[in-house]
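S.K.: Okay, here's what each chain looks like letter by letter:
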Amino acid sequence: MSTRFPEWIRRKWASGQNFTMTKEVIEKLQLHTVCQSAQCPNLGECWSRRTATFMVLGNTCTRSCRYCSVDGGKPEALDAEEPRHVAEAVAAMELRHAVITSVTRDDLTDGGADHIGQVIEAVHALNPETTVEILVPDFKGDRDAIARVLAAKPEVFSHNIETVERIYPIIRSKRFGYRQALDVLRIATELAPQAIVKSALMAGHGETADEVRATLLDLLEAGCSAVNIGQYLQPTKKQREVHEYVHPSQFQAYQELAYTLGFEFAVAGPFVRSSYRSEEMMDARFARDRVLAGRRTET
Amino acid sequence: MKFEVRLPAMGEDATEEATVAYWPIEEGEVIHEGDDLVELTTDKAAFSVPSPKTGTLVEKVVEEGDEVEVGDLICILDV
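Just so you know, the sequences run in chain order L and Y.
For what it's worth, the working numbering labels the leading residue of the first sequence as 25, then goes sequentially.
For what it's worth, the working numbering labels the leading residue of the second sequence as 10, then goes sequentially.
It should be emphasised that the hints constitute simulated quantities derived from the structure, not laboratory data.
Treat each hint with caution, since some may be false.
Claimed, not checked - Not the full set, but computed from the structure, chain L residues with beta-carbon under 7 Å of chain Y:
| no. | residue |
| --- | --- |
| 1 | F29 |
| 2 | I33 |
| 3 | W37 |
| 4 | Q63 |
| 5 | T260 |
| 6 | K262 |
| 7 | R264 |
What the hints assert, rightly or not - Every beta carbon over 10 Å from chain L, so not counted as near; a handful from chain Y, in silico:
| no. | residue |
| --- | --- |
| 8 | L16 |
| 9 | E48 |
| 10 | L49 |
| 11 | V58 |
| 12 | P59 |
| 13 | G64 |
| 14 | D75 |
| 15 | G80 |
A virtual CB, placed ideally from N, CA and C, is assigned to each residue, including glycine.
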C-alpha cells in the first residue's frame, strides 16, 4: 500500500539518545532552529547525528514567502545573549561545522548584520576549530551589511536563490528579487574571496531543466562555488502546493550538471536542504584548502 | 511482557501530529528492533516509525486514517 507521496519521499521518524541530547541543548539555551520552524523532515536524522541549523534574530520573519512556514509578523527584540548561547550550543554539541541562518529583519537598520556577525565571532571564539556556515537574508543588497557579516570571517557565506528566475517572483515575498539575490552573492565573492560562497534552490515548483541550468550558470557567474538542490515540500496546507515530486534520477542529473558547469561542490536529492549534511562539504578537498588559506590570511 | 509503543517526539515545534498511513505488519507477526513498525504521513513527507523493541505485535491501537500525536499509544508489543 502506498501514501500520497512517491516512494522516495520517506524518512525515519527518528528519536534516540543523541536526538534527545540535541533537543535538550536547544531548549536549555532557548535557541530557535530552522529544523523546527520549517518542520523539516530531516530533523530526526540530523538531530540524531547531533547537528542542527540555528536560526538567529528571533523566530518571526518580516517577509512572507509562499513556501515558508516560519511565522511572519512583528518581530521580537534582539536577544543580546543569543551569540553566547549559540556558541555554547555548538560547544555542547561538539560541532565541527556550525550552520547558522536567520529570519529576515527589515525592521532593523542593518538587517541584523551586526548581530549575525557577533554570533559568528562568538562561535569562533569559543570553538576555534569549528567552521561556520552563515545563511543570510538579502539585506536589501546592502554592501555594508554583507561586509559586516563577512568581517566575522565565516568559512561559508550562503544566500539561497531558492528557485529559477521565472518562478522567483511567484513564490517569494515581493521585497526579494532574483537579480538582487545574485548581487548578494557577487558582493560576498568580491569582499571575501577566501570564503566559500554557496547557494541552494528548490525543485518541484514547476521549473524546467533548462531553467535550472540557467540558474546554475547565474550562480557561477556570481561567484558561487557550491550549490545544493532539493525537493520543495509543502510544510503545512497554508503554503504553496508541490507542483511536482522530482524523480531522484533528475536530481542526480542536476548534480552532475552542476559539476560539469564548474561548481566545486554540488549535492542534489529529494531531501537535500541548504544545510543538509553540509559538514560533508567541509571534508571535500576544495573546502579544506579554502579554510586553510583563509586562516593563513588571518595570521 | 507487554510493551506499550508511544509516538516519540521529533522536536519542540516541529512535527507533532501525523496520520497513520498503513501498517506493514499484521497482529501476531514478529518484528525486530529498528524495523518499520508503522508508516505515518505529515504534510511534508511519509515517515516510517522504527520498532523500539523486538517482539510480537499484539494489538494495533490506531488504525489507518487515524490522526496521532506525539505521546499517543500506537500499539502493544509482547517482548
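S.K.: Next, verify each hint and record whether it holds.
M.R.: Cross-check of the supplied hints:
no., hint, in the structure
1, F29, "holds, 5 Å"
2, I33, "holds, 5 Å"
3, W37, "holds, 4 Å"
4, Q63, "holds, 5 Å"
5, T260, "holds, 5 Å"
6, K262, "violated, 9 Å"
7, R264, "violated, 12 Å"
8, L16, "violated, 8 Å"
9, E48, "violated, 7 Å"
10, L49, "violated, 6 Å"
11, V58, "violated, 4 Å"
12, P59, "violated, 6 Å"
13, G64, "holds, 18 Å"
14, D75, "holds, 14 Å"
15, G80, "holds, 12 Å"
When the structure is compared with the earlier hints, violations turn up for hints 6, 7, 8, 9, 10, 11, 12 and for no others.
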